[in-house]
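Since the structure of chain A is already known, use the hints to place chain B on it.
Residue numbers (our numbering), protein chains in the order written: chain A, 1 to 119; chain B, 1001 to 1955.
Don't read these hints as lab results, they were simulated from the structure.
One thing to keep in mind: the hints can contain errors.
Said to hold, decoys possible - Here are the simulated distance ranges between beta carbons:
id, chain 1, residue 1, chain 2, residue 2, range
1, A, P3, B, S1614, 34 to 44 Å
2, B, T1078, A, F59, 48 to 58 Å
3, B, G1889, A, F59, 44 to 54 Å
What the hints assert, rightly or not - Residues from chain A that keep clear of chain B, each with C-beta distances beyond 10 Å, as calculated:
id, residue
4, E6
5, L8
6, S24
7, R36
8, G39
9, A53
10, P98
11, L99
C-beta: ideal position from N, C-alpha, C; glycine also.
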Amino acid sequence: MSPTTEVLLSLLILAGAAFTFIGSLGLVRFKDFYTRLHGPTKATTLGVGCLLAASSIFFSITGEGLSLHEILVSLFLFITAPISAHLLAKTALHQGLPLGFNITRQHDTDIPRMPIKDS
Amino acid sequence: MSRWRDEKASIFGDNSEMNLFLAVLMPFLGAVLVALASRRGRAFAAWCTGGVALLSLFLLLPAMAASFDGTTTIQRLTWIPAAGLDLAFRLDGLGLLFALLILGIGLLVILYAHYYLSAEDSLGRLYAYLLLFMGSMLGVVLSENLIQLLIFWELTSLSSFLLIAYWRKREAARRGARLALTITGAGGLALLAGFLLLGEMVGSYDLSVVLASGDIIRAHPLYVPTLVLILLGAFTKSAQFPFHFWLPHAMAAPTPVSAYLHSATMVKAGVFLLARLFPALSGTPEWTWLVGGVGVATLLVGAVVALFKHDLKGLLAYSTISHLGLITALFGIGTPLAAVAGVFHIINHAIFKAGLFMAAGIIDHECGTRDMRRINGMWHYMPHTAVLAMVASAAMAGVPLLNGFLSKEMFFAEAHAAAADWRVGIFLPAAVTVAGIFAVAYSLRFIHDVFFNGEPIDLPKTPHEPPRWMKVPVEIIVVLCVLVGIFPAQTVEPLLAVAASAVLQGPLPEHNLALWHGFNPALWMSVIALIGGVLLYLGRKPLFVLHDRLSGRLDARAIYEHGLRTIIDFARRVLMRLEAIGLQHQAAVLILAALILGSAGMLGAASPLTGSRSLLPVDGVSLLAVLTLIGATLAVTVLHRQRLTALIIVGAVGLIVALAFIKFSAPDLALTQLSVEVVTIVLLLLALYFLPPETPAESSKSRRWRDGTLAVLAGGGAAALAWAVLTRPANSIAGWFLDNSVTGGGGTNVVNVILVDFRGFDTFGEITVLAIAALGIFALLENLRLIAPRRDVAGRRWDSDVHPLIMATFARLLLPLALLVSVFIFVRGHNLPGGGFIAGLITAIALIMQYLANGVTWTHARLPAHTHPWIAAGLVIALLTGVASWLFGRPFLTSAFGHPSLPLIGELPLASAMAFDLGVYLVVVGATLLILINLGMAHSVSHEDEHAKEGPWKP
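Excised from the complex, chain A in its bound form:
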């Protein structure tokens, strides 16, 4: 493996790790439920994507032939991550979670709700 590829791989892995870390940090630090959704879904997708790219390149060079498993994995990831984010957001809307309100600091019954119109 040439030094250039090694540097490239290292950069990819580091970038992946950085994105993953930022995503996790966002999950903890963001104010309310809706903003927090950004953390895991966007940043983590990018992070794992970088790691997968690194893996694909590494095994394609050292192994026998092209390693394409990673493409399938990222395909799965790119399909499923938006769905789960969508479902989570939908649930939050259905439950009427308020904007800009940190629920972890409060007891469940104290959360102000968005008004629910019961038919």
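Quick look at chain B alone, frame taken from chain A:
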């Protein structure tokens, strides 16, 4: 006895002389065939059934012919060589006699049943049961191996249960069948114990060995228990006193069944066993007293009770008991000549009793009742049937010129001769003569009450002669009765000679089958019996009055039912006590017991807890994972009342365990763990939907302390055990598998090779269990309608958008990808982590995704609604793969492998184990879907109801 033919063969070997095996197998196969064929009409079913019986007979012919010159044919198939168990069949004179009776009378019964059963009753079902029974009976009489004999013996109990309960809507039929099964089944257990003891004594379960080791057996200290156990089996089957009471209740069966079971087969199995083991067990005082005593008691009880039965079949039932007692008594006397007489009476009784039952069936069929107080004067309505019944009945009474007379006179002669040896003086001949008097009296009653004695009283039907062919079987039988009775030496003698010499396993004693033996004691006893019987019948009125006054005082069945009730009540009380303490307490008791026993063992051991193996260094990642695992486990315990939260943490525990598997080089386990985790979470979510999200605290503080302490101690004990085992150097069989995986199984993935090859038989058992479990769960869930909560915990209604569009669309997109992965995992399974089990779970998850995302209606329109066929197909494929190796002369489930190279794809590792793995795959997919979908269906039904009632929810 002069020559032996012992043949060894494999199923698919070139040896064509496997006729005994095929002859026994044929009725079992035929039963399936007939059950299917009966849709094409009754006559067709009858022809098929008769054809099967004839085919069996045809297959037996070569061995039958050989047995006439004293050859014993033995054919064996290796079955479980490690347990010394072969499928071994034997045909000698005794087997020949019984096979002829079973098949011959079976054929007559098949013809008779065709006309007997009414159009509403399923003839195919009766014929199928009848063939099952025929096969079982043939198995009993043709078995060389004792254990195999016992298996067929139990099969006769089971199939006779089906036959007796044929009219399953009638309570009497069900009760009678249950009674017969309980008594004969219990006897079968005793017989098994007896056979095991016998096998221990002589060191083999082969009849040839057992029969030749009579001296060893009789001298053995365990002879008496063995004898008693075996006799229990024989006596229960042959309805000997005091186990006789099941037989009259078995009369609830259709008459063709009674004619078959109680003449030539079922009850004859018991006396067959006495005859079969005669050389091995007889010749001791214990044998004489037990067998002879029980026989004479049964003879007397049966004969006396028979006279007082008003039910036509009841009379015949007790007379059957009495005649079986007679045969038993003959074997009990134990002299060679008595054994000959016993065999002779087996033949005669089978013939005339089959005819009598058939005649009784005709009368019942034509009159609509069996009550002899109402059936009178039938002579005018059906003279032809009357003549047939009278001849058969006279044979039963022992009237000269008929077959019953000959064997009965031999019996009288033996009883007279034995009186001196038994030191019972006049008792034995007297008892036998009294039984003879009663036999004449009840035979006379059968004739006089039914065919004469005035006019019929209030019959449901107007009787007339039955269809022509219904009488043919009876005619054949009556002709046999007369032929044997007049020309015994020309007709029955050769058969009797080979059968009797097979019973004795030695030279045949001098006997003379003739009508006239001169004026000897036996003749006088016959004369007394005949005259006494007529006198007894003439003076019957006061006896009937006496009987009516006494009846009901001593009913064996009442005693039996009382005993049964006591046992069931006792079991129920014990169970109530145990169950009343509740599941948690039961678990606590169990764990406490394990704890006490375990610590007693551990503290008592001298060796240290920590073994000699050096420990591996701890790395940071592992430590972190372990700490997380511990934390998650604690969190589940603390938060277990919030079910959803607890479930999520359980999921986390599963993930960490999967990581641990990867860390310790078990990728197969990790993959399995991951997929099982997903399925479990879906399953639990479906279940949790019906439960409140939080459980209130129900346990008291002290109870929580107690349970906590128990849990900590038991868990600590398990951890200590694991520690002790893991710190010791292990000598496992893993090395062998690692060395032989490629050479023996053709795969580098040892885990998979173990599953589908080395331990393939275990896997086969496991998928079978899985299939059964899935079907069981399906049965429980099928009509389950649960009431789901209408609102969530905060009082909100559920979202009306049950299947969000984005989710539905992308889930469809995911399906081909997921299936691709599943195929990939499946194909590479033999060499790399994967395999049928994991692939099956992945497919199941992919399909369940469709149900979750698109709903049951959408998915059901595209997938088969039931996955039972998948399970069945999987089991069949796995089984066929296993069986296929027989074709190549290898043991079950031996795998073949190769590495063919295909264009474009490259080298493809192929092993026959892959087909087996496909079976595993199908069973896993089918079972998982069956369970989850049906649980989800209960769910969706409750959900739809709600929407239908309240309309969609709008925020």
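Verification of the supplied hints:
1. A/P3 x B/S1614: 34 to 44 Å: holds (40 Å)
2. B/T1078 x A/F59: 48 to 58 Å: holds (52 Å)
3. B/G1889 x A/F59: 44 to 54 Å: holds (45 Å)
4. E6: Non-interface label on A/E6 holds, nearest chain B Cβ at 23 Å vs cutoff 10 Å.
5. L8: The claim holds: A/L8 sits with its nearest Cβ about 26 Å from chain B, beyond 10 Å.
6. S24: holds (15 Å)
7. R36: holds (17 Å)
8. G39: holds (18 Å)
9. A53: holds (19 Å)
10. P98: Fine: 14 Å to the nearest Cβ keeps A/P98 off the interface.
11. L99: At about 16 Å from chain B, A/L99 clears the 10 Å cut-off, so the statement holds.
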